[in-house]
Amino acid sequence: MWLVWMKIRLHKEMFVISALWVRILGSVIFSTGLLFSVCPFFGGIHHEGCILGTIVSVSGLVYFALNPVVSGFLQKIWETRFGHLILCLITGLSGVGIILSIVLSILMIHSAYDKPETENTVVVLGCKVRNGAPSLMLQKRLDTALQYLNQHEDVPVIVCGGQGADESISEAQCMSEYLISHGIDKNRIYLDDTSTSTLENMQNAKEIIAKQGWTPEIIIITDGYHQYRSAKFAQSLGLKTSAVSAKTSWYLVPSYWVREWLGICYQFVFG
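Using the working numbering, the letters of the sequence shown map in sequence onto residues 2 to 272.
Keep in mind that the hints were calculated from the coordinates and are not lab data. Accuracy of the hints is not assured; some may be wrong.
[Said to hold, decoys possible] Quick list of simulated restraints, FRET-style, between CB atoms:
| no. | residue 1 | residue 2 | range |
| --- | --- | --- | --- |
| 1 | Ile103 | Gln268 | 15 to 21 Å |
| 2 | Ile78 | Phe43 | 34 to 40 Å |
| 3 | Leu94 | Gly214 | 35 to 41 Å |
| 4 | Ser106 | Trp79 | 30 to 36 Å |
| 5 | Val39 | Trp215 | 42 to 48 Å |
| 6 | Thr119 | Leu36 | 41 to 47 Å |
| 7 | Phe43 | Gln236 | 35 to 41 Å |
| 8 | Tyr252 | Ile25 | 39 to 45 Å |
| 9 | Thr119 | Phe74 | 58 to 64 Å |
| 10 | Val70 | Ile170 | 52 to 58 Å |
| 11 | Leu36 | Ile87 | 27 to 33 Å |
| 12 | Val70 | Gly98 | 43 to 49 Å |
| 13 | Asn132 | Leu36 | 24 to 30 Å |
In this text the structure is predicted, and so the values were computed from the model without any measurement. All C-beta atoms, glycine included, are put in the ideal place defined by N, C-alpha and C.
Start from the sequences and build out the full structure, keeping to the hints where you can.
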């Protein structure tokens with residue numbers, strides 16, 4: 002009888018957060034997540050990471066901030082067979098998602114700091130071009146490339162990126178002009194100006210490397226969050242990789258990090 006009573010009590014209170022400090026802490030955490038998720042929208046940046054981050058953050062914020070109301074609503078759902086199944090499914094998927102995000106984050110951080118041990122061909126991955134000039138993210142990649150190329154004056158560089166519908170020139174052309182204007186010899190620069198994805202970046206870079214007779218070892222310059230997926234594409238093509246990572250603006254890291262989780266999962270499922 003006591004066990005039955007405890008079971009009923011547990012079910013009635015399973016969605017309730019009785020500790021006020023826990024509710025406050027959860028609300029602050031998810032409010033911060035929401036801020037980081039919507040912040041890129043004000044800069045004209047919108048992608049899957051922003052959308053997913055916003056959905057998760059709003060859901061968490063509502064759950065913690067309005068827990069007395071939400072817990073009662075969830076309890077009513079839990080008491081129906083279909084609702085019980087749905088909530089169990091959501092809980093299970095959430096647990097898997099948390100574990101997967103931790104594993105992927107570890108792999109991404111490791112790849113971001115996979116420093117080169119020898120001089121190799123540099124491959125700079127493209128990003129948005131605005132009014133014929135590099136966006137802030139692309140400029141940071143190029144400035145990182147400049148630093149490495151100035152320290153290793155015999156290393157060639159491949160700049161990758163085609164022309165989007167809203168771009169006046171290709172990303173590769175923009176990157177080449179930027180590097181040349183900052184003192185890099187144009188004879189060191191090779192353009193891949195037709196690619197539209199990271200996989201195509203690597204495929205075209207491999208073709209250039211084979212045509213020039215270089216060793217199939219490259220140093221990828223991109224944002225740190227992007228290094229793992231880029232390296233996996235390159236390695237699948239038989240290229241050996243190391244990384245020199247550009248710094249991402251701090252307010253963009255969370256949304257792009259989430260977007261990269263989705264990109265890696267998509268690559269794993271659909272190849």
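Here's how the hints hold up against the structure:
1. The given range of 15 to 21 Å is respected by Ile103 and Gln268, whose C-beta atoms sit roughly 18 Å from each other.
2. For Ile78 paired with Phe43, a C-beta distance near 35 Å keeps the hint of 34 to 40 Å intact.
3. Distance hint check: the CB atoms of Leu94 and Gly214 are about 49 Å apart, inconsistent with the given range 35 to 41 Å.
4. Between Ser106 and Trp79, the C-beta spacing of about 32 Å keeps the proposed range 30 to 36 Å intact.
5. Hint check: Val39 to Trp215, Cβ distance near 44 Å, so the stated range 42 to 48 Å holds.
6. Between Thr119 and Leu36 the CB atoms are about 42 Å apart, so this pair conforms to the stated range of 41 to 47 Å.
7. The beta-carbon spacing between Phe43 and Gln236, approximately 37 Å, falls within the hinted interval of 35 to 41 Å.
8. Against the hinted window of 39 to 45 Å, the Cβ-Cβ separation of Tyr252 and Ile25 comes to about 24 Å, which falls outside the hint.
9. The given range of 58 to 64 Å is respected by Thr119 and Phe74, whose C-beta atoms sit roughly 60 Å from each other.
10. Between Val70 and Ile170 the CB atoms are about 54 Å apart, so this pair conforms to the stated range of 52 to 58 Å.
11. Separation of Leu36 from Ile87 is about 29 Å and conforms to the stated range, judged on CB atoms against 27 to 33 Å.
12. Hint check: Val70 to Gly98, Cβ distance near 25 Å, so the stated range 43 to 49 Å is violated.
13. Distance hint check for Asn132 and Leu36: the Cβ-Cβ separation is about 28 Å, which falls inside the suggested range of 24 to 30 Å.
In summary, the structure is inconsistent with hints 3, 8 and 12 from the numbered list given earlier, while agreeing with the others.
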